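Chain by chain, the residues run as shown.
There are 2 protein chains.
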Amino acid sequence: MSIKPEKTKVGFIGLGVMGKSMAGHILKAGYTLHVYTRTKNSSDDLITQGGIWEDSIKELSRQCDVIITMVGFPSDVEEVYLSENGILANAEKGSLIVDMTTSSPDLALKIYEKAKSSGIEALDAPVSGGDIGARNATLTIMVGGDSKSFDRALPLFESMGNNVVLQGGPGAGQHTKMANQMAMAAGLISVCESLSYAKKAGLDPEKVLKSIGTGSAGSWSLNNLGPRIIAGNMDPGFYVKHFIKDMKIAADSSRNLELETPGLDLALSLYKKLAEMGHENKGTQALWKLFE
Amino acid sequence: MSIKPEKTKVGFIGLGVMGKSMAGHILKAGYTLHVYTRTKNSSDDLITQGGIWEDSIKELSRQCDVIITMVGFPSDVEEVYLSENGILANAEKGSLIVDMTTSSPDLALKIYEKAKSSGIEALDAPVSGGDIGARNATLTIMVGGDSKSFDRALPLFESMGNNVVLQGGPGAGQHTKMANQMAMAAGLISVCESLSYAKKAGLDPEKVLKSIGTGSAGSWSLNNLGPRIIAGNMDPGFYVKHFIKDMKIAADSSRNLELETPGLDLALSLYKKLAEMGHENKGTQALWKLFE
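Chains A and B, in that order, give the protein sequences. Take the first sequence: its position 26, counted from the start at 1, is 26 in my numbering, and no numbers get skipped. Take the second sequence: its position 285, counted from the start at 1, is 285 in my numbering, and no numbers get skipped.
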């Protein structure tokens, strides 16, 4: 049931930092790639490499066997899929749609149900691994949907990531991504507090990282964002504004599940404060600004 | 200036889970080992292997060139070092004392100053790596004090750990350990919230760990305590009561440094609640009890 690259037209919508790299891997894997994104010149490189530009989501949807989206916010997902000129109203019966945006589990379920009623297969497949993971095709891809659809998309996923897991039915990919963001949220506060403490106590933060980075306090955040914080580098690997979006979805979804999340709530409140200070386009390590 | 094992009498005070393993490595490295601990039968194994029992801290202190302590709380450290029958009143001039307990940076400084006025060298050298690190001699050892004393103790440290760093002057070891505990504190809330979310959302937590353990949400806590939480294993690697002690020291020390620590404060309040529920002798992963 796998897709044969040479026979498959793949549409990719949303060529931001992540999407551009991901679409590039699909092209390199031998698929016919059709692209659409809001800012056309984001597609220049891909078109040079053989990608085909489509003037609208509608045009793209009508022609492709598999349609992948990597857009910004749940509101974008909703518009791209559910509006009159969107994917579901225009995709062919039998096609497969894959939303790789980090978005709401409930919305993923809604899209799945609506797609199913039109004979279209749907997967939610958000990723982690950031810009570097997207570039190196080492993304973690968390998938929700039917296993038949998962098998169909697997070669595409494997061109973009190296840790691809079907987590469950529709929405399970998004739920897993929420669990991912929640596992990180309050930990970022800890990283900032720890490094700020080290500095204020007169220690050398780099030397401190040498002691604390590999043991029980070790984390991806400490070892990857810690050095950026020490170097004063607030460039976005992962945007503050996107992290706030994700935490809001996670908080809403937690409320629906009647789960109290004091750690997530604290992180969300601090990141909102950070955004209000004008740092929403910096990387998540900019939380440091509240502690320096 | 290094210590020659065969010529050096090392005293070890405090043979709990950690101390017993650590003292064992010193014995294996060829040092003459004198031991004292509150519960004498904790020393049985070491004495079988050649360790020499001393009936009091006073007796031990009078005979040893290097005296290492691994006791429980700052109040224990204070008593062991500063009381009339304690180490400083009884150790020989020229001896070296090394407190490996996680304790207050201020107390470390006080002991250092007092030791210095008696011609005794002092280091603070708390560890991380837990029972497993102690057993496998893979501890991280964070050292504060004079570099001359550090060089003198280094062979001993290297018999117990594999990541030994002189972080700065007296107290710097304890400050680094505080930075370590702070880097971990709120992150433990995140781990519990994430796994609780996963369960309540109907996901398989083990499968979720496969997706989220290796990426940007990855941490020692998630990958080591996560599986214990999933298995319902609340056995102590690191005791709740000791973590509370550490976080209290870190919070006090942060106040002294005029650092706000909302993440640490939240973690401390949740762990206090957990202790009030009767879980103070469980492992830190028992925080899960508040989220399950």
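These are calculated hints, taken from the structure and not from any lab test. No experiment lies behind these values; they were computed from the predicted model shown. Mixed in with the good hints there might be a few duds.
Copies of the same chain are indistinguishable here, so a pair counts whether it falls within one copy or spans any two.
Here are the simulated EDC-like pairs of lysine to aspartate or glutamate, each with C-alpha atoms no more than 20 Å apart in a straight line [as the list claims (entries may be wrong)]: (1) Lys199 to Asp252; (2) Lys207 to Glu113; (3) Lys248 to Glu206; (4) Lys272 to Asp45; (5) Lys289 to Glu79; (6) Lys28 to Asp45; (7) Lys210 to Asp65; (8) Lys199 to Asp106; (9) Lys200 to Glu84.
Right, here's what the structure says about each hint:
In this assembly of identical chains, Lys199 and Asp252 lie within 20 Å of each other by CA distance solely across copies; the values are 16 Å between and 36 Å within a copy. Taking CA atoms no more than 20 Å apart as the test, Lys207 paired with Glu113 passes in neither setting, with 53 Å inside one copy and 24 Å between copies. For the homomeric pair Lys248 and Glu206, neither the shortest alpha-carbon distance inside one copy (33 Å) nor that between copies (25 Å) is at most 20 Å. For a Cα distance limit of 20 Å, the shortest separation of Lys272 from Asp45 qualifies neither inside one copy, at 35 Å, nor across copies, at 56 Å.
Taking the closest pair of Cα atoms, Lys289 and Glu79 never come within 20 Å of each other, the shortest separation being 35 Å inside a single copy and 41 Å across copies. Taking CA atoms no more than 20 Å apart as the test, Lys28 paired with Asp45 passes inside one copy only; the shortest distance there is 13 Å, against 63 Å between copies. Neither within a single protomer nor between protomers do Lys210 and Asp65 lie at most 20 Å apart by alpha-carbon distance, with minima of 50 Å and 30 Å respectively. Taking identical chains as interchangeable, the C-alpha atoms of Lys199 and Asp106 lie at most 20 Å apart only when they sit on different chains, with a minimum of 17 Å there against 43 Å within one chain.
In this assembly of identical chains, the alpha carbons of Lys200 and Glu84 never lie at most 20 Å apart, being 57 Å within a copy and 35 Å across copies at closest.
Hint compliance for this structure: hints 2, 3, 4, 5, 7, 9 are broken, all remaining hints hold.
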